[in-house]
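Starting from the structure of chain A, add chain B where the hints point.
Number of protein chains: 2
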Amino acid sequence: MIKIAIDAMGGDFGVTTTVPAAMEAVKRFKDIEIVLVGDETKINPLLTNKERITISHTTEVLDMGEHDPVKAIRSNKEASMVKAMYLGRNKEVDAVVSSGPTQCLIIGAHLIIRRIKLMQRVALCPIIPSFDGKGKLLLDVGANVELKPEHYHEFAVAGSIIAHEILGFDNPKVGLINIGSEKGKGREVDNLAYDILEQSKLINFCGNVEPNEVLTNDVRVIVSDGFTGNMVLKTTEGTAKAMAKMLKQEIKASMGGKIGYLFMRKNLKRFAKRLDSSEVGGAMIVGVESPVIKAHGNSDSHAFYNAIRQAREMVLKDVIGKLKEDLAKNSGDTSEAN
Amino acid sequence: MIKIAIDAMGGDFGVTTTVPAAMEAVKRFKDIEIVLVGDETKINPLLTNKERITISHTTEVLDMGEHDPVKAIRSNKEASMVKAMYLGRNKEVDAVVSSGPTQCLIIGAHLIIRRIKLMQRVALCPIIPSFDGKGKLLLDVGANVELKPEHYHEFAVAGSIIAHEILGFDNPKVGLINIGSEKGKGREVDNLAYDILEQSKLINFCGNVEPNEVLTNDVRVIVSDGFTGNMVLKTTEGTAKAMAKMLKQEIKASMGGKIGYLFMRKNLKRFAKRLDSSEVGGAMIVGVESPVIKAHGNSDSHAFYNAIRQAREMVLKDVIGKLKEDLAKNSGDTSEAN
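Chains as they are written, first to last, in the numbering used here: chain A, 1 to 338; chain B, 1001 to 1338.
Extracted from the complex, chain A is given alone in its bound form:
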């Protein structure tokens, strides 16, 4: 049995999305058990099927606008997210899913579940939509504002395993996000990272990736410092949103547009769905001892279900075990090379 703890109170909608998502997940997957961490008086009325679902009761919840994540994690041990992570730390569950405040989840994963010894940094890693619909990974998008060159390699190794196990790509291509495609472009850190990535035997490095190709090329793991990755991710989201808004506005601007819409409504819906991140699951917190999945704050129950599905898969495929193996190989390589 795969045991998954869910921060039932997190996110913009709390129990109204997490409880239905949990029921959907246990119905779909016979190999999982779920612990809903949250207020039983709020959960119980919604929990119409308790098969393989238990409740770990708490009434506290971290605020979505939490400004001091370290303090929040340390001083709110009864908060649903924090409690869920302690279940992970104590091996009572195999994975944790939350749509609560991102920075709290990252810091909490770090402080409570703990970093894998051979990872020096933890990364936030979403599956981002791609033109071909198969998805790709971008990491880090917000756990570290700056990185040292060697950290890019850790992220590349972790991303390669996830791209293989979760997205299903053999020998996935790895790229370094940069302002130019040729070697030698970018900042000093990018150049040093490039050299390390190029020499690694653990990954299939294919050089720099410019941000205008992120959605369309066949690179499956894009490594980045958290500041830059966050820029790329949020710019993509913002542009997609602005364009959708413009398209709507232009279509509504004339009778022809409105009539045309009646004919191509389904087409436009498929179009909207192609860039919809709720289809692909949540962002993974990579580098800690258990899978921790961050579902979007405004996840509906289907998006949250997808995050649970992803957590299950991370456990089932033993992504963390494989990551540890590869990192050990690498640290072995390094000591030999020295």
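There could be a bad hint or two in this list.
Stated by the list, open to error - With a straight-line cut-off of 27 Å between C-alpha atoms, the simulated DSSO-like cross-links for lysine-lysine are:
hint: 1; chain 1: A; residue 1: Lys322; chain 2: A; residue 2: Lys3
hint: 2; chain 1: A; residue 1: Lys148; chain 2: B; residue 2: Lys1148
hint: 3; chain 1: A; residue 1: Lys245; chain 2: B; residue 2: Lys1252
hint: 4; chain 1: B; residue 1: Lys1258; chain 2: B; residue 2: Lys1273
hint: 5; chain 1: A; residue 1: Lys42; chain 2: A; residue 2: Lys77
hint: 6; chain 1: B; residue 1: Lys1134; chain 2: A; residue 2: Lys241
hint: 7; chain 1: A; residue 1: Lys241; chain 2: B; residue 2: Lys1173
hint: 8; chain 1: B; residue 1: Lys1241; chain 2: A; residue 2: Lys241
hint: 9; chain 1: B; residue 1: Lys1258; chain 2: A; residue 2: Lys266
hint: 10; chain 1: B; residue 1: Lys1252; chain 2: A; residue 2: Lys241
hint: 11; chain 1: A; residue 1: Lys269; chain 2: B; residue 2: Lys1248
hint: 12; chain 1: A; residue 1: Lys252; chain 2: B; residue 2: Lys1241
hint: 13; chain 1: B; residue 1: Lys1252; chain 2: A; residue 2: Lys258
hint: 14; chain 1: A; residue 1: Lys273; chain 2: B; residue 2: Lys1248
hint: 15; chain 1: A; residue 1: Lys241; chain 2: B; residue 2: Lys1266
hint: 16; chain 1: B; residue 1: Lys1245; chain 2: A; residue 2: Lys273
hint: 17; chain 1: B; residue 1: Lys1248; chain 2: A; residue 2: Lys245
hint: 18; chain 1: A; residue 1: Lys248; chain 2: B; residue 2: Lys1248
hint: 19; chain 1: B; residue 1: Lys1245; chain 2: A; residue 2: Lys248
hint: 20; chain 1: B; residue 1: Lys1183; chain 2: A; residue 2: Lys71
hint: 21; chain 1: B; residue 1: Lys1173; chain 2: A; residue 2: Lys245
hint: 22; chain 1: B; residue 1: Lys1258; chain 2: A; residue 2: Lys248
hint: 23; chain 1: A; residue 1: Lys322; chain 2: A; residue 2: Lys134
hint: 24; chain 1: A; residue 1: Lys252; chain 2: B; residue 2: Lys1258
hint: 25; chain 1: B; residue 1: Lys1258; chain 2: A; residue 2: Lys269
hint: 26; chain 1: A; residue 1: Lys252; chain 2: B; residue 2: Lys1273
hint: 27; chain 1: B; residue 1: Lys1252; chain 2: A; residue 2: Lys252
hint: 28; chain 1: B; residue 1: Lys1241; chain 2: A; residue 2: Lys173
hint: 29; chain 1: B; residue 1: Lys1269; chain 2: A; residue 2: Lys273
hint: 30; chain 1: B; residue 1: Lys1077; chain 2: A; residue 2: Lys185
hint: 31; chain 1: A; residue 1: Lys245; chain 2: B; residue 2: Lys1134
hint: 32; chain 1: A; residue 1: Lys185; chain 2: A; residue 2: Lys173
hint: 33; chain 1: A; residue 1: Lys134; chain 2: B; residue 2: Lys1241
hint: 34; chain 1: A; residue 1: Lys258; chain 2: B; residue 2: Lys1273
hint: 35; chain 1: B; residue 1: Lys1248; chain 2: A; residue 2: Lys241
hint: 36; chain 1: B; residue 1: Lys1245; chain 2: A; residue 2: Lys245
hint: 37; chain 1: B; residue 1: Lys1183; chain 2: A; residue 2: Lys241
hint: 38; chain 1: A; residue 1: Lys185; chain 2: A; residue 2: Lys148
The set of hints was computed from the structure by calculation and includes no laboratory data.
Below, chain B alone, put in the same frame as chain A:
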């Protein structure tokens, strides 16, 4: 008379776009004279109207894929772009327009036209499309991979003047691109830059801007290091392109879509135009002694005409004179503060 030198050979299409653009510009603006720098045997057949247009002959041209811009500028004094910039340096023209290789133009502007004394850095500053159609400035997008905190302020001052004089905004809002909206977010350099921007009396600073709001908010000057700005710009371009491609694909995927298209063709064209940068002109190289405009490498003659129009306006409004005045005020302020 406003004199503008045009690198007639630059860009993907050379004389076939620059010469018609020059003729369109002199026809439209009676106060400009143009010097076409390039091969007269190629220019002359296209130059059907020589009114206020002269040719400065040269057959050489910088390669669009030039890898060593400094060497290229120093060793190719006869190249059309370089020659155009010497005209600027010697005050034979008031502004320079080129669609040649960007890094060469930046370095050339720096080395030949020279930096304004009180600017420590030069920035590449495009006018980016915005949801309201009024445009905004993002600088730097590629002249500096890294900046010191005080450089952000120089760019904010320059951007504010351009947003006022060229885009027509009174007291334009200035924002610092960052991964979060609250003060204290981002890297150390962002925080130090924030403090300087916040204290400045020369600009209307409104805090951090997250990249997902760049296209839709009312901030008109967004300051950034060149690495980050390049990420935002290229991600926006890439997302817009990928989405347009997806939309086309979905529309073509069914008969309903194709019929719908017939009704809303005009609407979709207006939609496409709203994110089209060729309407707004070129990117400015900010911080040198003359206006230098970088038209997109694949500019058609209309886009190139818009870059010439923009060069004229930069001269007409004495943007550089005003920038020098403001920088002098600031250096006065600083010495008083010390």
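Violated constraints from the hint list, given by number and in increasing order: Result: no hint breaks.
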